[in-house]
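Spelled out, the chains give:
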Amino acid sequence: MKTFSRIVLCLAATLAGVSAAPVVSADAFVQGGPIGSQTSDGYNALGPVVTQPIEFPHNRHAGTRANGGMEIDCLYCHTYARRSAVSGIPRLSKCIGCHNMIESVKEKPRIKTLLAYWDRREAIPWKKVHDLPDFVRFNHERHIQRFIFDQGRPSREACGYCHGDVASMTTARRVKAISMGWCVSCHEKEHRIDAVSFKTGHGPNDCWQCHH
Amino acid sequence: MIRFGMTANSVASGVNRRDFLNLVGLGGTASVLAGCGNTSIESGVELVQSYVQPETFVVPGVGVYYASTCTQCGSACGIMGKVREGRILKLEGNPQSAISGGKICGLGQAGIQGHYSPDRLKTPMLKENGVLKATTWEKAMSLLSGTVSFTAQGPRRVVLTGPTSGHLQILLKAMPQSGAATDHVVYDSLSTAVAASVNLKMFGVEQTVGLIDKAGLVLSFGNDFLGAGDSPVAAARQYARFRKAERRGILIQIEPKMTLTGANADRWVVIAPGTEGVLALGLVRELLQRKEFANNLSPNLIAAVEPYNQTEVSHITGVRGDLIPRIAATLWEHSPSLVLAGRYPQGHAHGSHNMAAIALLNVVLQNQGKTLWREAELPFPQMAPALGNFKSLRQLNTQMAAGDVGSMLIYGTNPVYSTPDFMRFADNLQKVPFKAAWVTELDETAMHCDLVLPLMSPLEDFGTHVAAAQSDGMEISIQQPLMEKLHPEARSFGDSLLELLKQAKPESYKSFPDYYAYLKSAVVNAKPAFDPKVEDEEFWENTLSAGVLRRPAALLPLPAIEFSADLVRQPLRESRDAAYPFVLIPAVRPSMRDGKAANLSWLQESPDPLTTVVWDSWAEIHPSTAKQLQVNEGDVLVIKSAQGSIRAKAYLIPGIHPGSVAVPIGQGHESYGRYATNVGVNPFKILDPIFDEETGELALYATRVAIMKTDQNERFTKDEGATNLQQGRKLVATLAADQVDLAKETPFVIR
Ligand code: SF4
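Respectively, the protein sequence lines represent chains A and B.
Under the numbering used here, the residues of the first sequence are numbered 1 to 212, in order.
Under the numbering used here, the residues of the second sequence are numbered 1001 to 1751, in order.
Treat the hints with caution; some may be incorrect.
[Unchecked claim] Label-pair distances were calculated between CB atoms; the ranges are:
1) P204(A) / T1717(B): 52 to 58 angstroms
2) W1615(B) / K189(A): 46 to 52 angstroms
3) P1532(B) / V196(A): 29 to 35 angstroms
[Claimed, not checked] Residues of chain B clear of chain A, computed beta-carbon distances all greater than 10 angstroms:
4) L1047
5) Q1049
6) Q1053
7) P1054
8) G1061
9) K1103
10) Y1411
11) F1422
12) D1450
13) G1696
14) D1741
By construction, these hints were calculated from the structure, which means they are not laboratory data.
The C-beta atom is built at its ideal place from N, Cα and C for all residues, glycine as well.
So that you can see chain A by itself, here it is in the shape it has in the complex (with noise of 0.2 angstroms):
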């Protein structure tokens, strides 16, 4: 219990800044089918399952408390996608930081492999689930600032357009085609530029936005 309100102090100082609208929508959530296939609304499509070196539960650390997750903040791991071009894996110290302190877990395999990594001093040779083009560069800070912090929607939302509800999966896995397609069509909506008024604005469509 007291480590658990340790994370919560530590999510509640991350979070500082960050406000969080209650509703989630369950529309960024929508799943595509087999490998390579779409949905009716031609783009989503699932990609394989990528085996990594600890089949990190991203259920148990940001899904909802109903389903047994500590509803822990994307930002809170994925630290750098508000403020890099690329979201990054949280440094191994960051999962020691809570981990040393988790007694209760200690002997489980996943948490004992990450614990030898840390002994070793040797970085987790984590697999990379949605690897763009070389030719694109897509900036994760822009989208952050524009819909979680102007707009307010939730992390697990927001991240979610792209990501699809990776709060209820255990590894993460593509469910989203990110084709060239996919994106436009989402800077070709009307979203709103902030929470509160009803300006809306669209997102960029010059080709070096994405291409330099």
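Since the structure of chain A is provided, determine the placement of chain B with the ligand on it from the hints.
Just chain B with the ligand, lined up with the frame of chain A:
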């Protein structure tokens, strides 16, 4: 956004530069080695950049800048390397370096390519039955420490390097203690040893400091200070101030083939190769017509310049007679002036006399103490640069031929490529029983060695450098790794030297586990000269963060030295050999220099500033010569000297003396990675054995050649369109220069 690495915070966090590199190591190396080029979204193929415990300022996707030093040429510009996800991505200038002033040149920018080159040597190689085969460092080191046993085969055991400075130079000087070498020879195929010797005789120092921005007029005899000069980045900054001054500075460039600097000049004057000294004496004679200048010379010198009247000078140099008094008048009117001399006048049998005659102009014009100074002494003279020359290599070559050299360790120079064929250097190298080379890529010299060792790239290594041409004070430039080693077996040359010294003198060197530890201790020992108040560790971290150790140093006046009139004596007019009517100009390109940069494809791809040709060699000839020889652009010419011949396509350019043909240096490698090999030709090879009479330096611009046209014509790969700029139509109205009254047309007056 520029972020400077190694802040005080990083010290406090207990993670030093090395730990940082280790921490980012896994992800960094993995992502470097992973393939790139996916064209649609991928899952589960590449690794994410993953950190253990990075510095707080490390954010994936955001670059962090670390200071280091460019080693692409001897200028030692301070650089900042943008590091992201453990990879070095881009080099910029370090604003804290007075030499680079926050900028770098194209050659410096391309340094990153040598680091990522696909042809980097990855393991030590040992020659067995004439073929280089992979070996281990253990075996290599045991062979190196055994070089002492080669004494019986030849008393001289040599370390042959290119120009060096800083702490590497200190270790090289100590090498005789190791027994692995008896002496250190420094070779530079583009050496300025002639200028240094003349400066010493006339101004008491080898290196003078010319302040371009303090001059109203710069008269440059073939000094390509904006292109392939001693410190082009620093010079370009001075030049900008010179041009922007309230009274805009004027540049007159006199040379047999246009350089980049010449192309920027207000007035470009073509001159017959090797006659620069004659023109200089002609100008001195003109200046002496004014009383105020006559007092500056001894009667002997006045008598020595007397024969150089306008007609005679014009006849010898090919410079229009009326220009001589006009240039002299401009020199006087735009005082203070600065007279510079570059490579062209040095490269002749009478190179020293040429240079002395040009330097005499500075004396007559009393530029000492106004635009011409000397540096204060470096506080650590043992770190001073060893600039190298040709003469020592020539002596070494003679000893090699006689079988007097037992072993040779080679670093930072490629003499098999850059020496003329008449020296038979490659053949003589075979007479040396044991030779080892440290290289990043297998070059021509390495191919002739018994042992070849993989060298860290300059972006992976530590080092200290002191440039011969300083700018605004004295600067020790600090080199630190911008990235973890790409190839695990690559080692620093400093580490190899230290290990050899440690084996021979364990008591002196045992406290240094590696070259890094040696450098750190040496730099920290220098603390009292720079920042005595801080703790050692903080001093070291601050030094790495800044990338330079600087001392403000006032420039000192040049001493007045009596010199004999004999110094400026010019040769009698030489008779031309009818079989070889042209003079060969092996042109030094700003991007290729002595050929060391030919393995960098960016530089191969960047157009030559004057011809815009890429990935090739060419022969520049004057259109009038072309007409006489019935040569068109692209015609393949055979350029033949008494020593051999090369083939190159003709490029017609008005910026060359009609009696010359220029072929750029740098191409024609037989080995040096995929980008350098089999591109163009190497003009070094056909040079005649002509040497400066005073210093023994190779006369680079004195070879005479014949030009023969073949029946082949090939298209150039070049950026410019048709050289006939008017494209057969009168697009822009033009007027010949001689028909223009320059007094009306230009912002300055040459009357
Ligand atoms: S002048 Fe030399 S040292 Fe400076 S950036 Fe260019 S190549 Fe590097």
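Quiz item: Taking the minimum C-beta separation from P1054(B) to chain A, is that value above 10 angstroms?
Solution: 6 angstroms, violated
Quiz item: Is the nearest CB of chain A more than 10 angstroms from the CB of Y1411(B)?
Solution: 35 angstroms, holds
Practice problem: Beyond 10 angstroms from every chain A Cβ: check whether that's true for D1450(B). | Solution: Non-interface label on D1450(B) holds, nearest chain A Cβ at 40 angstroms vs cutoff 10 angstroms.
Practice problem: Please confirm whether K1103(B) is truly not at the interface, meaning its C-beta sits more than 10 angstroms away from all C-beta atoms of chain A. | Solution: Holds, because the least Cβ-Cβ distance between K1103(B) and chain A comes to about 24 angstroms, which exceeds 10 angstroms.
Quiz prompt | G1061(B) non-interfacial with respect to chain A [C-beta, more than 10 angstroms] | solution = 4 angstroms, violated
Exercise. Using the beta carbons of P1532(B) and V196(A), state whether their distance is inside 29 to 35 angstroms or not.
Key: 59 angstroms, violated
Exercise. Hey, is F1422(B) genuinely clear of chain A, shortest beta carbon separation above 10 angstroms?
Key: 50 angstroms, holds
Practice problem: With 10 angstroms as the threshold, tell me whether D1741(B) passes as away from chain A on beta-carbon distances. | Solution: Check passes; 49 angstroms lies beyond 10 angstroms.
Practice problem: Using the Cβ atoms, figure out if P204(A) sits within 52 to 58 angstroms of T1717(B). | Solution: 38 angstroms, violated
Practice problem: Could you say whether the range 46 to 52 angstroms given as a hint is met by the Cβ separation of W1615(B) and K189(A)? | Solution: Holds - the Cβ-Cβ distance for W1615(B) and K189(A), about 48 angstroms, lies within 46 to 52 angstroms.
Quiz item: Are all C-beta atoms of chain A more than 10 angstroms from that of Q1049(B)?
Solution: 7 angstroms, violated
Practice problem: With 10 angstroms as the threshold, tell me whether G1696(B) passes as away from chain A on beta-carbon distances. | Solution: Since the minimum Cβ distance to chain A is about 55 angstroms, G1696(B) lies beyond 10 angstroms and the statement holds.
When each numbered hint is compared with the structure, violations occur for hints 1, 3, 4, 5, 6, 7, 8.
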